[in-house]
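Novice: Turn these sequences into a full structure, and let the hints steer you where they fit.
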Amino acid sequence: MRFDKKANILILALLIGLLLSLQMKNDAKTYAFININTVATLSNELDATKKDIVGLKALIRSSGNELNRYEMLKDNDEDMQAFLRDEIFKTKAVAGYTNVIGEGILVRLADNLEETQRNINFDLVHDVDIAMILNDLINSGAEAISINGKRILSKTEIICIGPLIRINGEGVGAPFIIKAIGNKDQLFAALNAPHTYAYNLRESYGLEIETMKSDFILIPKYSD
Amino acid sequence: MKNRVFILLLSITLGLVLAFQYQLVRDTADGIVFSQRVNQLTSELKQANEEKVQLIADLNELERRLREYESDAAEESVYVKTLSDELAKFRQMAGYTDVKGPGVVVVLDNPPLENQFGEYTNNLIYNYEYILLVISNLNAAGAEAISINGQRHTNYTEIVPVGSHLNINGVSMIPPIEIKAIGNTQTLESVLNFKGGAIWEMKNLNFQVDIRLVEEMEIQRQIKTFEFRYAQPYE
Chain A
0 MRFDKKANIL ILALLIGLLL SLQMKNDAKT YAFININTVA TLSNELDATK
50 KDIVGLKALI RSSGNELNRY EMLKDNDEDM QAFLRDEIFK TKAVAGYTNV
100 IGEGILVRLA DNLEETQRNI NFDLVHDVDI AMILNDLINS GAEAISINGK
150 RILSKTEIIC IGPLIRINGE GVGAPFIIKA IGNKDQLFAA LNAPHTYAYN
200 LRESYGLEIE TMKSDFILIP KYSD
Chain B
0 MKNRVFILLL SITLGLVLAF QYQLVRDTAD GIVFSQRVNQ LTSELKQANE
50 EKVQLIADLN ELERRLREYE SDAAEESVYV KTLSDELAKF RQMAGYTDVK
100 GPGVVVVLDN PPLENQFGEY TNNLIYNYEY ILLVISNLNA AGAEAISING
150 QRHTNYTEIV PVGSHLNING VSMIPPIEIK AIGNTQTLES VLNFKGGAIW
200 EMKNLNFQVD IRLVEEMEIQ RQIKTFEFRY AQPYE
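Protein sequence lines correspond, in order, to chains A and B.
Residues in the first sequence are numbered from 0 upward in steps of one, following numbering that gives the first Met the number 0.
Residues in the second sequence are numbered from 0 upward in steps of one, following numbering that gives the first Met the number 0.
One or more hints might be untrue.
Unchecked claim - Part of the chain A face toward chain B, derived, beta carbon under 8 angstroms:
# : residue
1 : 15
2 : 46
3 : 50
4 : 143
5 : 182
Hints in this document: simulated from the structure, not taken from any laboratory.
Glycine included, every Cβ here is placed at the ideal spot set by N, Cα and C.
Specialist: Next up, the structure:
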């Protein structure tokens, strides 16, 4: 019996010694401890850089073409002028300083005017609602957007100023008429597909949102 | 009795060591896969960055030659000069040029891990309306150029959650989100620090916000060119 116990202790002690030495050998110096965030960050960064490279290549191609055209035109002043005017018009259009026409949608966005007995804030159109709807439209390929005749550009602010919303430095009140040019079906879906932001505003908060497709939408240029 | 206590202690130690061992082996096994992946990603990223730097240099060279042609032509006639000045102006408005100036850098990040509740409530990716609000606020303060993680904010910039990241200008990114804006630093700062504003709300929700004023910074041009497909511009 005494012998048994001694043997037990011996075996245990051996095991511990073995495991301890294994543990020490298994020193983690050779492995870097990396969490999953590092991998995600890196692969995102890589993805972004690759997309940038694709964009840069396209830009270099178009600049090369432009350069070739310049070389052909440089001796002829009139051609040069025509070329520059053409470029100005194109750039101006992209910057939002020309009127545009095309197919798209019309949206009427208004406060919930019924008596609802709940917090008044749930019944109103807020600046963030408009910002989200515009963002959804841009994501669905909107090429030009206006609200109550004010062209929406990257520098446009959409800010609550009490009963109005400030857009391009001027107050705009409900109902908001949003016009957007782009693929009309996609734009329509951006506001009417289930669980889009606009859908939730209409179904859960009872705001008035009507969308209409049209083949002929006119959007004015940006004016200061 | 003494022996039994001894064996008990030994068994506990043994159990602990075994558990540690198991834990360590499991962690490092994952770690090996991760570290290989990371090494691979880092080297790919390095290559991609080198290529990008090279391409940007090429592009700058091309643009320099283009500007040279323009200024040559402009020297010959005043009208061409007016035209090329106007073109430069609209290029800048469309976001096709790098811009420099004083401004603010805002870094928005998710709350520290111990303050996150659930997957959606405290994740910037699913609360991206705050990014829209911050940009709107910056615009209200007269920001002249804005970029988000290096992507220029243009008329066609979307901010959209896709799975576990945000797509901005079609490029996917995860927090931290760095927003740069050029403009009057005083106005930009005060609009951001406005009590009850978007940043204030974010701080209340434990989001990590860092606002820095910068005397001189650069905001990159947009790298994609934009073409209308449905809209027809006219004067």
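Novice: Failing hints, ascending?
Specialist: none
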